[in-house]
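One letter stands for each residue in the lines below.
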Amino acid sequence: MVREIDPPTIQKDFLLAALAEGKRLDGRIPLEQRKVEYIFGEELGTVECRLGKTAVLAQVSASIVKPRDDRPYEGFLLINSEIGPMASSVYESGRSSDSEILITRLLEKSIRRTEAIDREALCILAGEKVWQLRLTLHFLSDSGNLLDCASMASMAALRHFRKPEVEVIGDEVIIHSPEERAPVPLAIHHTPLCLTFAYFENLPPILDPTHLETTLCSGTLTVTMNAQREICVLSKAGGTPLAAEEIMGVVTVGVERVREMVKGIEEALDTDKEGRVVEVR
Amino acid sequence: MSNAGPSRRYDGRRSDEMRPLVISIGELDRADGSGRFGFGSTAALASCSGPLEVRLNKELPTKATLEISHRPLEGVGATPSRALITTLESIYPSVLKLSSHPRSLIQIIVQSLSSSSTSSTSSFNTYNTPSVYIDTDASEEGEPNTWPKPKNQSSFPLEEVSSPIASYTFASRSASINASTLAILSNGSIPMTSLPISISVACIDSTQGQQVKGDLIVDPTVEEESRAKSRFAFAWAFGKNISMIKKDDKDSDVDVKMELDQNDREDEMELIWVESEGKFNKETFSDALELSKIACRTILSEIREKLGQELESKTLQ
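Protein chains in written order, with this note's numbering: chain E, 250 to 530; chain Y, 1298 to 1614.
Hint data in this document are derived by calculation from the structure and do not stem from the laboratory.
No incorrect hints appear here.
A partial selection of chain E residues facing chain Y, derived with a Cβ cut-off under 7 Å: (1) 291; (2) 302; (3) 308; (4) 310; (5) 333; (6) 334; (7) 335; (8) 337; (9) 338; (10) 342; (11) 385; (12) 389; (13) 390; (14) 391; (15) 392.
Label pairs and their computed distance ranges (CB to CB): (16) Y:1490 / E:434: 49 to 55 Å; (17) Y:1359 / E:252: 23 to 29 Å; (18) E:492 / Y:1399: 52 to 58 Å; (19) E:314 / Y:1580: 46 to 52 Å; (20) E:377 / Y:1313: 47 to 53 Å.
Note that beta-carbon positions come from the ideal geometry of N, C-alpha and C, so glycine has one too.
Chain E extracted, bound-state conformation:
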C-alpha cells in the first residue's frame, strides 16, 4: 500500500506565508484557475482536458438498449470513473479510496443528476429502443483538482460527441452510418461545471488548488454551476466551518468563472469543428 509522504513543514510554512501575502507558489492570484487546454481525439467524443498539469481524458460512446419498464421514454447515461494508478500511485486499481468515491459521487451528481443531457431525447422507440451513452473518464495525472478537470472534460466530450442518425419507419429502426448521413449532436440542456475552492485557516479561499495546496488546506468547497447563474450542486464535505457570507462570496466569484469556462469549451469546440471534415450532403 503506497502512502503519500506529508510535505515538509518548511514547505507548508512557505506556502502559508505566501498565501498570507495573496500569492501562490505557481504565480497565480488566489482566485485564478490554471491554464485549461482541450485536446480533441480523432473520433468524436474523445477529449483530453488539461488543467495545468492535471489531465483527464473523457470518452463518450453510444449503444442501443432496451429502456427500463417504468421509464419507457428515457435513455441512459452511464459514467465510468475509476481512478487508476496512472493518476498517482496512491490510487490502486480495484479498491477505491475515500477521495475517489467523493469525486465519482460529485461527478455523478453534477452531470447526471443535473439533467445536463436530455435523456428523453435519447429515446428512439418508446419502450423498445433507447440510446445508452457511456462516459468513460480516464484520470491521467492528478496534480490537484481532478474533479474540476473531469467535469470540464466530461462536458466537452458530451458536447463534442455525435450520435448516428436514426430513422424510424413504423417499427423499423434504420441507423445511418456517418458516411450516409451526418451524425447528430446530443441534446444538452446546460453545461454544469465544477469549481473547487480550498480554505486555509484565517485566509481567503483559493480557486483550483494544486496537489500541494489540497494536501495542506483545511477544507474544500465544490460548487457546480452553469452559465445561467444557477447552483446545481454545492458540496462541503467537512473541514473548516464557513460563514454563510463566505459561501455567497464564493458563488459570486463562481458565476463569472463558470461563464468563462463554458466560453472556453465553446471556443475549443469551434476550433476543432473548423479543422474537422464533417460530411453534409
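For this one, chain E is given, so just place chain Y on it according to the hints.
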C-alpha cells in the same frame, strides 16, 4: 477499395512508410515516467512508476514485482485488454533488470487512446496465435536468436484455430509496447538490458491479378488490417552492442553506429516478440521480418532524438 494498386495506399504512403510518429516523453506529472507513442492516431499512453513500496503478499525477495495493467479507451478492461497485458508481461520481465530492486514494486499502466477494433472478425477468422515466441533469456549468454529457427522449433504449419474475440489491432498493440518502453525510459531508475520496439506489418492480397501476390505494408491502418490476408507484429529488442558503444563515448554514439556495417548491426537487435494471424508462407514471413527490422530502426532513431531533446531541456532548467 478500388484504387488499391500494388503500392498505393489510401493515405498515399509507400508500402514501407509509417504514419507520422507521435512521441512524447514525460508528460504526466505524477507518474515517475510516462510516454505517449502513436502511429498517427493509433496511440497509447503509458506510465511507469517505481520502485515503489510493494504489498506484502506480492513481495518477492530477490527481485522487483512487475505489475502491468491496461485500460481500454471505452468501458472497463475485458479479454482484449487482458491479452495485451499478457503480451507486455511476456516482453518486459526479460528486458528489465528486476533483480536490481528487490522487494519493491514497478508499475506500468498502459492507456489505449484508440478503441479496440473488430478487425479480426472480418474476412479471415483463422488464427495462428501465438505463432512464435522467442525468449531472450536464453540468448543472454551466447549467440543471439536467429530466424529462421531450426526446424524442430519452427511453428509455421500450425493447425488453424478459429477465434471469435475482438482484439486490439496489431498497430495498437505495437503502439502500446512502444509507449511502455518510452515510459520505462522516462522513469530512468529501472535498468534495462535492451529496448523493445515494435511495429506491425500486414500482407494485403492484391486482387488486381498483378505479378505481386501479396503486398507487405508497414504500419497498416485499421482498414488495411481488416482487409489484410495476414497480419504480423514484431518487437525487436535493441541492446547489447549499443550499450557498449554508449559507454565508450556518448556523443559520437550516432557516428559510430553509422560506421557499423550490416553484419554488426544485426547483432545489436534481437527478435523478442512476434504475433501473427491469417494465412502466410515462409517467404512472406521472412520478408515481413526484414521490413520490421528497418522500421524498428527508424522508430529507434526517432525515439533517441526525442529522448535527447527531452534530456537536454531538463538540464537547462
